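K.L.:
Each chain, written out:
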Amino acid sequence: MENNTVNIESKNSFWASVSSLWSGLMLSLRHIRKATKRRNQAYISDKDYFAQKEGLVTLKYPYEAIPVPDNGRYRLHNEIDDCIVCDLCAKICPVNCIEIESIKATEEIGITSDGTKKRLYAPKFDIDLAKCCYCGLCTTVCPTDCLTMTKVYDFPEVDIKNMIYHFTDLTPEQAREKQLLFEQQQAAKKK
Amino acid sequence: MVALLVCLVVILGVVIALAYAERKVAAFIQDRLGPTEVGPYGMFQAIIDVVKLLQKEDIIPTVADKNLFRLAPIIIFAAVLAGFAVVPVSPDLIASGAEVGIFFLLSIVSLDVIGLLMAGWGSNNKYAVLGAMRSVGQIVSYEIPAGLAILSAIMICQSLNLQEISFQQGILLNQFAGLENEKNYLFGLKALQIDVTQVGGITTWNIVRMPFLMVSFIVYYIASLAECNRAPFDIPEAESELVAGFHVEYSGFRFAALFLAEYTMMVLVCLVATILFLGSWNTPLPNLGPLKLATWTTSTPGTIVANLWGFFWLMSKVSILLLSQIWLRWTYPRMRVDQLMQLCWKILIPVSLGMVLLAGIWRLLMI
Ligand code: SF4
Ligand code: SF4
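Keeping their order, the protein sequence lines are chains B and D. Residue numbers for the first sequence follow full-length UniProt numbering, so the first one is 1 and each next one is one higher. Residue numbers for the second sequence follow full-length UniProt numbering, so the first one is 1 and each next one is one higher.
Okay, chain B solo, but in the shape it has when bound (with noise of 0.2 Å):
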């Protein structure tokens, strides 16, 4: 019990009030006087980060920013040429903000930088980063690494729509006459 107590000496004479009172009134001019400096606005790995005592810590934001480094996870990037059309970050997603369609390629329709073989085509791939809540784990799941977060995450929109973002390479004329290529081949194979 004793040893859980803390002695606060208490102060409870007039001067010593005065003098406590005067000591903060003091404490918040010296602030005043200091607030002709503006902090240096350094990244965390700066070596003056923690050195600095004084002065306005305000980020004028949108005319002043601090680096963001470069492995910064914000914006998605998906490299389409990369996808396999696998899915899977859709259905890691915890908000369901991505939406894939898929279309059966008639036959392999190339290979990805890491050599995997590509079967399907994208007519659709939208990323809806106004419900993100850039997680990531779409990007640890993607197999062959083609959906990666970017340091850019200073992306507002007037319009919402727009926060949607279509990462498909295929024309709708495309998706149409890939999607009847392979129903052709489809009816071929019944024959």
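It is worth saying that the hints were derived from the structure and are not from the lab. Predicted model only: the values in this text are computed from it and were never measured. Hints may contain errors.
Pairwise CB distance ranges, derived in the manner of DEER restraints [what the hints assert, rightly or not]:
hint, chain 1, residue 1, chain 2, residue 2, range
1, B, PHE155, D, ILE304, 26 to 36 Å
2, B, GLY24, D, VAL351, 51 to 61 Å
3, D, GLU57, B, THR148, 45 to 55 Å
4, B, LYS60, D, GLY289, 48 to 58 Å
5, B, GLN41, D, LEU323, 27 to 37 Å
6, D, GLU182, B, VAL18, 33 to 43 Å
7, B, GLN41, D, SER251, 51 to 61 Å
8, D, GLY178, B, GLU54, 52 to 62 Å
9, D, LEU71, B, ASP154, 19 to 29 Å
10, D, SER107, B, ILE66, 25 to 35 Å
11, B, ASP154, D, LEU93, 46 to 56 Å
12, D, LEU357, B, GLN41, 42 to 52 Å
Computed footprint of chain D on chain B; a stretch qualifies when at least three of its residues, placed anywhere within it, have a C-beta under 8 Å from a C-beta of chain D [to be verified]:
hint, region
13, 29-36
14, 56-70
Ideal placement from N, C-alpha and C gives every residue a C-beta, glycine not left out.
Got chain B sorted already, so can you dock chain D with the ligands onto it with the hints?
P.N.:
Coordinates of chain D with the ligands only, in the frame set by chain B:
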């Protein structure tokens, strides 16, 4: 009518400047920048805020007592505004030179309490009622030390007329009808035989005429902070406990009226402090031999220059007091209700009673 309009515009200007100053000073104390976007250094932020408030929807809660709710902000603002009627702003300018000046001011400003209760009760919201009750309790208790501190100054001046009190504290003493043969002695003590009537400046201010009025001034200053619900006595609107106190349900124009009334009250109590203790519109510079500093910075009464000097000195003193109120607000934490009442009833009231006694004795030494 014209006086009222001029008064309204001037008060509005001062209050808006004050709201801006408050945000900037708060920001600097907390190592922030404060408003920067609207106008140079964010100067027009407060104006834009008021314009925004005026455009907003005037929401009245369905279960509120509609009449009380609607009327309350108007009563509060009108009560505070009425106080300005008897406040002199320069040697010749005063809306109403009523003989009962300060007495009228104290009583009309107390009407504010009714408005607060109406706002709190009419909102039909537990936080609003709590805030209103705290506010009323606080204002009613703090009016006693404030009134006693004012009384000690009035006993020295022997007048309730704020313009007469102003004339007494400077070189224009003999220009006021009825005071032609008065003389100011250093520290008010006739026995010292140092006539400072023509020296003026700071030597004739009330806190020098009766040096112990400094104590009264501090008592009044603390009590007036509590009366306008400023930190560290802002328990009626304690954001962290009561959201915003009695005005939690208000929006739009009505909120703007309450907000302005609060800042207007600050200006008013600082004006009263300046007039009663800090030499009103008189210059702080004394006449020193051939250096007629006081005469130069006062000019002949009746001229425009004299009025401008008077207004300038009054406003500078008031601004310093206002800045100090802001400074206190952003330095000290809020007090508890019991601490607040203890300070009022156990410390300030006995001290101010003692001051009244002392002022009486001092007055005897002055004649
Ligand atoms: S980062 Fe998370 S929320 Fe955003 S798309 Fe990927 S899985 Fe979905
Ligand atoms: S997990 Fe990768 S490869 Fe699979 S669909 Fe998503 S982005 Fe394409």
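K.L.:
Confirm or reject the claim that GLY178/D and GLU54/B have a C-beta distance inside 52 to 62 Å.
P.N.:
57 Å, holds
K.L.:
Holds or violated: 33 to 43 Å for the Cβ distance of GLU182/D and VAL18/B?
P.N.:
37 Å, holds
K.L.:
Looking only at beta-carbon atoms, does the pair SER107/D, ILE66/B fall within the given range of 25 to 35 Å?
P.N.:
57 Å, violated
K.L.:
Against the range 26 to 36 Å, how does the distance between the Cβ atoms of PHE155/B and ILE304/D compare: consistent or not?
P.N.:
60 Å, violated
K.L.:
So the hint says 45 to 55 Å: do the beta-carbon atoms of GLU57/D and THR148/B match that?
P.N.:
46 Å, holds
K.L.:
Given the hint of 51 to 61 Å, check if GLN41/B and SER251/D actually sit that far apart at their C-beta atoms.
P.N.:
Violated, at about 37 Å.
K.L.:
Evaluate the given range 19 to 29 Å for the C-beta pair formed by LEU71/D and ASP154/B.
P.N.:
49 Å, violated
K.L.:
Check the following: the C-beta atoms of ASP154/B and LEU93/D are separated by a distance inside 46 to 56 Å.
P.N.:
55 Å, holds
K.L.:
Counting residues of the region 29-36 of chain B that have a beta-carbon nearer than 8 Å to any beta-carbon of chain D, does the count reach 3?
P.N.:
Since 5 is at least three, the answer is holds.
K.L.:
Please test the hint of 42 to 52 Å on the beta carbon pair from LEU357/D and GLN41/B.
P.N.:
Taking Cβ atoms as reference, LEU357/D and GLN41/B lie about 60 Å apart, which means the hint is violated.
K.L.:
Indicate whether the distance between the beta carbons of GLN41/B and LEU323/D respects the range 27 to 37 Å.
P.N.:
30 Å, holds
K.L.:
Quick one: are LYS60/B and GLY289/D within 48 to 58 Å, going by C-beta?
P.N.:
At roughly 54 Å between Cβ atoms, GLY289/D and LYS60/B fall inside 48 to 58 Å, so the hint holds.
The earlier numbered hints that this structure contradicts are 1, 2, 7, 9, 10, 12.
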